[in-house]
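2 protein chains.
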Amino acid sequence: MAAMAGPVIHHRTPAFAAVLAEVQEGLRELFGTTQDVLVLAASGTGAMEGAVTNLLSPGDEAIVVNGGKFGERWTKICQAYGVRPHEVVVEWGRAVRPEMVAEALDAVPAARAVFVQASETSTCALHPVPALAELCRRRDTLLVVDGITAVGVIDLPMDRSGIDVLITGSQKALMLPPGLAFVALSPRAWAATEQSRLPRFYFDFRRERRGIAERSTAWTPAISLINGLRIALTMLKAEGWQNVYARHDRLARATRAAATALGFRLLAPESPSPAATAILLPETIDGSALFRYLRDRMGVTFAGGQDALKGKIIRLAHLGYVDAFDVVVAIAALELALHHFGARVELGRGVGAAEAVLAEGLPPRT
Amino acid sequence: MAAMAGPVIHHRTPAFAAVLAEVQEGLRELFGTTQDVLVLAASGTGAMEGAVTNLLSPGDEAIVVNGGKFGERWTKICQAYGVRPHEVVVEWGRAVRPEMVAEALDAVPAARAVFVQASETSTCALHPVPALAELCRRRDTLLVVDGITAVGVIDLPMDRSGIDVLITGSQKALMLPPGLAFVALSPRAWAATEQSRLPRFYFDFRRERRGIAERSTAWTPAISLINGLRIALTMLKAEGWQNVYARHDRLARATRAAATALGFRLLAPESPSPAATAILLPETIDGSALFRYLRDRMGVTFAGGQDALKGKIIRLAHLGYVDAFDVVVAIAALELALHHFGARVELGRGVGAAEAVLAEGLPPRT
Numbered sequence: 001m002a003a004m005a006g007p008v009i010h011h012r013t014p015a016f017a018a019v020l021a022e023v024q025e026g027l028r029e030l031f032g033t034t035q036d037v038l039v040l041a042a043s044g045t046g047a048m049e050g051a052v053t054n055l056l057s058p059g060d061e062a063i064v065v066n067g068g069k070f071g072e073r074w075t076k077i078c079q080a081y082g083v084r085p086h087e088v089v090v091e092w093g094r095a096v097r098p099e100m101v102a103e104a105l106d107a108v109p110a111a112r113a114v115f116v117q118a119s120e121t122s123t124c125a126l127h128p129v130p131a132l133a134e135l136c137r138r139r140d141t142l143l144v145v146d147g148i149t150a151v152g153v154i155d156l157p158m159d160r161s162g163i164d165v166l167i168t169g170s171q172k173a174l175m176l177p178p179g180l181a182f183v184a185l186s187p188r189a190w191a192a193t194e195q196s197r198l199p200r201f202y203f204d205f206r207r208e209r210r211g212i213a214e215r216s217t218a219w220t221p222a223i224s225l226i227n228g229l230r231i232a233l234t235m236l237k238a239e240g241w242q243n244v245y246a247r248h249d250r251l252a253r254a255t256r257a258a259a260t261a262l263g264f265r266l267l268a269p270e271s272p273s274p275a276a277t278a279i280l281l282p283e284t285i286d287g288s289a290l291f292r293y294l295r296d297r298m299g300v301t302f303a304g305g306q307d308a309l310k311g312k313i314i315r316l317a318h319l320g321y322v323d324a325f326d327v328v329v330a331i332a333a334l335e336l337a338l339h340h341f342g343a344r345v346e347l348g349r350g351v352g353a354a355e356a357v358l359a360e361g362l363p364p365r366t
Numbered sequence: 001m002a003a004m005a006g007p008v009i010h011h012r013t014p015a016f017a018a019v020l021a022e023v024q025e026g027l028r029e030l031f032g033t034t035q036d037v038l039v040l041a042a043s044g045t046g047a048m049e050g051a052v053t054n055l056l057s058p059g060d061e062a063i064v065v066n067g068g069k070f071g072e073r074w075t076k077i078c079q080a081y082g083v084r085p086h087e088v089v090v091e092w093g094r095a096v097r098p099e100m101v102a103e104a105l106d107a108v109p110a111a112r113a114v115f116v117q118a119s120e121t122s123t124c125a126l127h128p129v130p131a132l133a134e135l136c137r138r139r140d141t142l143l144v145v146d147g148i149t150a151v152g153v154i155d156l157p158m159d160r161s162g163i164d165v166l167i168t169g170s171q172k173a174l175m176l177p178p179g180l181a182f183v184a185l186s187p188r189a190w191a192a193t194e195q196s197r198l199p200r201f202y203f204d205f206r207r208e209r210r211g212i213a214e215r216s217t218a219w220t221p222a223i224s225l226i227n228g229l230r231i232a233l234t235m236l237k238a239e240g241w242q243n244v245y246a247r248h249d250r251l252a253r254a255t256r257a258a259a260t261a262l263g264f265r266l267l268a269p270e271s272p273s274p275a276a277t278a279i280l281l282p283e284t285i286d287g288s289a290l291f292r293y294l295r296d297r298m299g300v301t302f303a304g305g306q307d308a309l310k311g312k313i314i315r316l317a318h319l320g321y322v323d324a325f326d327v328v329v330a331i332a333a334l335e336l337a338l339h340h341f342g343a344r345v346e347l348g349r350g351v352g353a354a355e356a357v358l359a360e361g362l363p364p365r366t
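These protein sequences, in sequence, are chains A and B. The first sequence begins at 1 in the numbering used here and counts up by one. The second sequence begins at 1 in the numbering used here and counts up by one.
Excised from the complex, chain A in its bound form (with noise of 0.2 Å):
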């Protein structure tokens, strides 16, 4: 925050140069590509509407997993566009089985591209990323992965598994306030934009290729995010990335464990995001009155359900700078709550199963 509260350089300078490139070097290794990761100005969501914009043409046939509120987003920006998405749909909580996208593959075989979730925030279910990559790579069709609570939350190096483009903002993992979205595109997705017939302006990723090649942003950059980027990537990079992913696992076990042992039912229990975790409340408790009272009479704010969920869940994210203290505050503050709305809760017991997973994290004795 204080380096984002700092002079804000001009852009096209070459002390801001130099901040491009360090990012950039960062930015490479959080996706694990040799590719050039594009910076925005923008929220995720931007970044979804320049990969369909940039890759497809219109009329172009395509497959959508739609397992939740940011899947559903993929299609809105087909429709949008012109372009025909042929939804495979997963029930909300469910991870999308491989098999479920290779019918619809065998079922559309035009389809120019897959667009999916790694990390489906609405419901905190873990599409399987690299085994769609694989049915993706055995064919003429791009895989778009929304990162956006999955980069630096999980290892999904981009180049390895064979995603074609890959999308996070700065909000997630990189513990930035919004406003920056990036996103990388395969040697195939940069070819496929070269026969790309939509219109597009803003989020024109070519453009945005060339400003790299010069150390510099087709627009003008959002400066002082970019100023926290420096910062946050160098904190990343100094705890090292696989410990970066063994945090948000261990996090997200402490989690689920303290959800468990209170009792609770976790919306995704088969494939559970490591990012955030959703909670099944029990029938009698009203969960918006629930997540009011905390937000707003005990300062733990979570985030609800939406749509079909409203009322019916409860959501912990733990990514990005929440810590395994943060983790029991939010375990204790939901006992609390549970316990002052006449649920049956033994008080402690949650964040007693949360410890176990989190003292696994403990620095060793010196």
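Simulated from the structure, these hints should not be mistaken for laboratory data. Where hints are given, some of them may not hold.
Which copy is meant is left open, so a pair is good if it fits within one copy or across any two.
Unchecked claim - Lysine to aspartate or glutamate pairs mimicking EDC-like chemistry, simulated, CA-CA at most 20 Å apart:
1. K237 / D323
2. K310 / E91
3. K69 / D249
4. K310 / E214
5. K69 / D204
6. K69 / E99
7. K69 / E214
Go by the hints and put chain B onto chain A.
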């Protein structure tokens, strides 16, 4: 800057809804409109693109006032989206004459919109927006104004002037880092969004307007920048809008007086922008070398010229947080650098001429 380094409140909370409501009120004053002012996570070019895609349909005709790099950008956006731009080409450094636009409107009676900059940043010329608004008001043609270096710099009340779309960005008069774009639409521009058939998603103005009705935004907003915006608007309101405009005018006149006293010609002498001043350098001076010397050796960053003007002009910004002593420093640095480069310069002459104007802004003796 300190406000932007504060906690990043979650954007779907009453606390952040209150921030959005407060900035909405300030933005309406700034724009001089009773309409909603949309707040986009993007730089200004994104709002320019949105103005094209939300108002027009494929094959529509439009008139573009092209008097510099940013005028040219309207043409490029139109072309990217299959809109047919008819350019009113204006010599760089000049303002468009309303008759030129009237002629274009007569020649292309089907033109759906006129696109123009209020202040063309690349040449530092001010276009006569109120006169153009009057021309458009008499027809079924929308006037779309890029006010990125004009809103908050000059008195340009949108509703009273009859502007249909007005755009600005965070990094100019609003004194913030880049990363936010703002746009407001007149009732007849909103009506046009109902008819428009160009594709859009991230920059879907109607979706953003629904967001404002719910004290929210369509997509994740750039929270920290909006926290800064709240403070910036408070500062401007405390200064008083007319005082803000008078300050910009005074700094601009001081800069022009200095340049003239030093024997230089201005690129835009007839209709100069109060946002920035472009000074034509003598042919004997290598402008690019002068610019680099000022920036890299003296620590004073000017803007150079673009395209055909590269190396031929030097631009001084005097908007936003630039104050009287920034102008003094810029002129003194220019005098010293020119002297060092062998130009005949009477040291202090430009500064003296600037001071004679800046004296107008001194507070009264008490």
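Query raised in the report: Can you tell me if K69 and E214 fall within 20 Å by alpha carbon in one copy, between copies, both or neither?
Result: For K69 and E214, the Cα distance is within 20 Å only across copies (19 Å; inside one copy 37 Å).
Requested in this report: At 20 Å max between alpha carbons, let me know whether K237 reaches D323 within a copy, between copies, both or neither.
Outcome: within (17 Å within a copy, 40 Å between copies)
Query raised in the report: Between copies, within a copy, both or neither: which fits K310 and E214 at Cα up to 20 Å?
Result: between (47 Å within a copy, 17 Å between copies)
Query raised in the report: Within a copy, between copies, both or neither: where do K310 and E91 come within 20 Å Cα-Cα?
Result: Within one copy only: 16 Å inside a chain, 58 Å across chains, cut-off 20 Å.
Query raised in the report: How would you label the pair K69, D204 (within, between, both, or neither) given a Cα cut-off of 20 Å?
Result: Between copies only: 18 Å across chains, 25 Å inside a chain, cut-off 20 Å.
Query raised in the report: Under a CA distance limit of 20 Å, which applies to K69 and E99: within one copy, between copies, both, or neither?
Result: neither (22 Å within a copy, 52 Å between copies)
Query raised in the report: Under a CA distance limit of 20 Å, which applies to K69 and D249: within one copy, between copies, both, or neither?
Result: neither (23 Å within a copy, 49 Å between copies)
Checked against the numbered hints above, the structure breaks hints 3, 6 and satisfies the rest.
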